[in-house]
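Colleague: The residues making up each chain are set out below.
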Amino acid sequence: MAAVAATAATKGNGGGSGRAGAGEGGGTRKKKGPGPVATAYLVIYNVVMTAGWLVIAVGLVRAYLAKGSYHSLYYSIEKPLKFFQTGALLEILHCAIGIVPSSVVLTSFQVMSRVFLIWAVTHSVKEVQSEDSVLLFVIAWTITEIIRYSFYTFSLLNHLPYIIKWARYTLFIVLYPMGVTGELLTIYAALPFVRQAGLYSISLPNKYNFSFDYYTFLILVMISYIPLFPQLYFHMIHQRRKVLSHTEEHKKFD
Amino acid sequence: MKHYEVEILDAKTREKLCFLDKVEPQATIAEIKTLFTKTHPQWYPARQSLRLDPKGKSLKDEDVLQKLPVGTTATLFFRDLGAQISWVTVFLTEYAGPLFIYLLFYFRVPFIYGHKYDFTSSRHTVVHLACLCHSFHYVKRLLETLFVHRFSHGTMPLRNIFKNCTYYWGFAAWMAYYINHPLYTPPTYGSQQVKLALTIFVICQLGNFSIHMALRDLRPAGSKTRKIPYPTKNPFTWLFLLVSCPNYTYEVGSWIGFAIMTQCVPVALFSLVGFTQMTIWAKGKHRSYLREFRDYPPLRMPIIPFLL
Chain A
1 MAAVAATAAT
11 KGNGGGSGRA
21 GAGEGGGTRK
31 KKGPGPVATA
41 YLVIYNVVMT
51 AGWLVIAVGL
61 VRAYLAKGSY
71 HSLYYSIEKP
81 LKFFQTGALL
91 EILHCAIGIV
101 PSSVVLTSFQ
111 VMSRVFLIWA
121 VTHSVKEVQS
131 EDSVLLFVIA
141 WTITEIIRYS
151 FYTFSLLNHL
161 PYIIKWARYT
171 LFIVLYPMGV
181 TGELLTIYAA
191 LPFVRQAGLY
201 SISLPNKYNF
211 SFDYYTFLIL
221 VMISYIPLFP
231 QLYFHMIHQR
241 RKVLSHTEEH
251 KKFD
Chain B
1 MKHYEVEILD
11 AKTREKLCFL
21 DKVEPQATIA
31 EIKTLFTKTH
41 PQWYPARQSL
51 RLDPKGKSLK
61 DEDVLQKLPV
71 GTTATLFFRD
81 LGAQISWVTV
91 FLTEYAGPLF
101 IYLLFYFRVP
111 FIYGHKYDFT
121 SSRHTVVHLA
131 CLCHSFHYVK
141 RLLETLFVHR
151 FSHGTMPLRN
161 IFKNCTYYWG
171 FAAWMAYYIN
181 HPLYTPPTYG
191 SQQVKLALTI
201 FVICQLGNFS
211 IHMALRDLRP
221 AGSKTRKIPY
231 PTKNPFTWLF
241 LLVSCPNYTY
251 EVGSWIGFAI
261 MTQCVPVALF
271 SLVGFTQMTI
281 WAKGKHRSYL
291 REFRDYPPLR
301 MPIIPFLL
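Note that the protein sequences, when read in sequence, are chains A and B. Read in order, the letters of the first sequence correspond to residues 1 to 254 in UniProt numbering. Read in order, the letters of the second sequence correspond to residues 1 to 308 in UniProt numbering.
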């Protein structure tokens, strides 16, 4: 879900062209964007994030070449992954203060689900860090984020190369299912260890008269993918048709 | 007397749905809606939204045809509001649920706790008191729905009943599960804490009821008039001096009292969620008051005196 959600059609980070095909080639009503200071800040933010995820990508490749295998590559990119994915929390703030025209609720959901996977699953359950499923979602996220942040950067500068737009609205077709698979397998792998250690769980009796079973919670999280993933996926497919055909039409007139 | 002609078009497709001729100039929108239902019986008046502009605001039932900015041939646009359900029905259902569900847990009906606890009773006084308070609260709400409240709207969209009942029934079950659990832990500060909490609860219940009565007295039966509420001789209504929606203030207070009484995190969470929703409603109501009345008392805040 985190993989799907982050690329899902939010305008995010000042891009504007994410939803409803507005902005590209004109024709539709002009949206009032963020002011010059906010735009400068957002450009810097998106450039930094693009660079960060590139660092992760390069780190993965180098570790693979050094080790000769694709197992346990998580450890070589653990720190930048945590840093840059957690940094995405700023995007919630951007929506809240209005410099990015996305919904606070939707952005929160997207970012929190990523942060949840990084910290509450992968970081907290050390035994899953060597699982191959982790590599699956890390690769999916890395490619998605590099494209997404460069998309926003170029959009803010009003100079979006078609290839980036194409990539953003096409690669998800493979990257979403790949990321979701990695996420689900990782959560599933974590389950026995959560049960064993009673991780993040509290049972009765206690003075707060409250109980929480993290194991059951994780299972409910996995189940929630069933209704959520198809919705987000088909929304992106719909967006793809709108955005990419819109550009095709404008190309005819150029 | 010149008669009007009214044509009704679909707001989205502009398709001509209905043509009414010989409409009285003093006809109200409500009467026009009734006429429209005759040709399209599936669209009963409650689910009709008629407006002068396809993207504009809905006309009110009380609006008179003659007073609208239309010529003698009026064009109205129709939008289907979807299946509707009466407010009274929704309220009764959403309140009856918690009343009943809580009692299932209180009496420890089978399959909730372990079999050895079936139909047993808690040994803690506070658990019995909590059941009394919770039940009283929802009985009060049911009676108010039947005999006190005067609703401005008759209906709401049908899907609301599912949403609302999930919220009320779900939280009631969640709270009741812990409070009536065999492993329930009574409050840390014992009977002192419970007495304080009970006092808060009772005061807020009385306060909330007083406000409901005061609001009812502002509006004659069957009318939809809106007036600025003011404090009355009843001291509980004096909160109107500081707050636009003291009924919500008292409601939050009741639940805080209940949370202190039971020392139960799910109750505290329910209070928090309720407070958030009521704050949104109070802010909206406060804004409406400010918009409608020039002389609205400036000292008042929406829900928390001086703060929020």
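I should point out that these hints are in silico values taken from the structure, not numbers from a laboratory. Quick caveat, the model's predicted, so the values are computed rather than measured. Be aware that a few hints might be false.
[Said to hold, decoys possible] DSSO-like, lysine-lysine: derived pairs with alpha carbons at most 27 Å apart: (1) B:K57 <-> B:K195; (2) B:K16 <-> A:K242; (3) A:K242 <-> B:K67; (4) B:K16 <-> B:K38; (5) B:K60 <-> B:K227; (6) A:K67 <-> A:K126; (7) B:K195 <-> B:K67; (8) B:K55 <-> B:K12; (9) B:K163 <-> B:K195; (10) B:K12 <-> A:K207; (11) B:K140 <-> B:K116; (12) B:K116 <-> A:K207.
Colleague: Take the hints in turn and mark each one as holding or not.
Modeller: Quick rundown of the hints versus the structure:
Restraint check for B:K57 and B:K195: the C-alpha separation of about 51 Å exceeds 27 Å, so the hint is violated. At roughly 31 Å between alpha-carbon atoms, B:K16 and A:K242 are farther apart than 27 Å, so this suggested pair is violated. Using a Cα cut-off of 27 Å, the hinted pair A:K242 and B:K67 is violated, with the two alpha carbons roughly 45 Å apart. Our distance criterion of 27 Å between C-alpha atoms is met by B:K16 and B:K38, whose separation comes to about 15 Å.
Only pairs whose Cα atoms come within 27 Å are accepted, and B:K60 paired with B:K227 is accepted, the gap being roughly 18 Å. Among the hinted pairs, A:K67 with A:K126 is consistent with the structure: their alpha-carbon atoms are about 21 Å apart, no more than 27 Å. A hinted pair counts as satisfied when its Cα atoms are at most 27 Å apart, and B:K195 with B:K67 does not qualify at roughly 59 Å. With a C-alpha separation of about 9 Å, the suggested pair B:K55 and B:K12 falls inside the 27 Å cut-off, and the hint holds.
For the suggested pair B:K163 and B:K195, the alpha carbons sit about 35 Å apart, so the restraint of at most 27 Å is broken. This hinted pair does not check out: B:K12 and A:K207 have alpha carbons roughly 57 Å apart, beyond 27 Å. In summary, the hint linking B:K140 to B:K116 is not supported, as the alpha carbons are separated by about 34 Å, beyond the 27 Å threshold. Distance restraint check for B:K116 and A:K207: the Cα-Cα separation of roughly 23 Å lies within the 27 Å cut-off, and the hinted pair is therefore satisfied.
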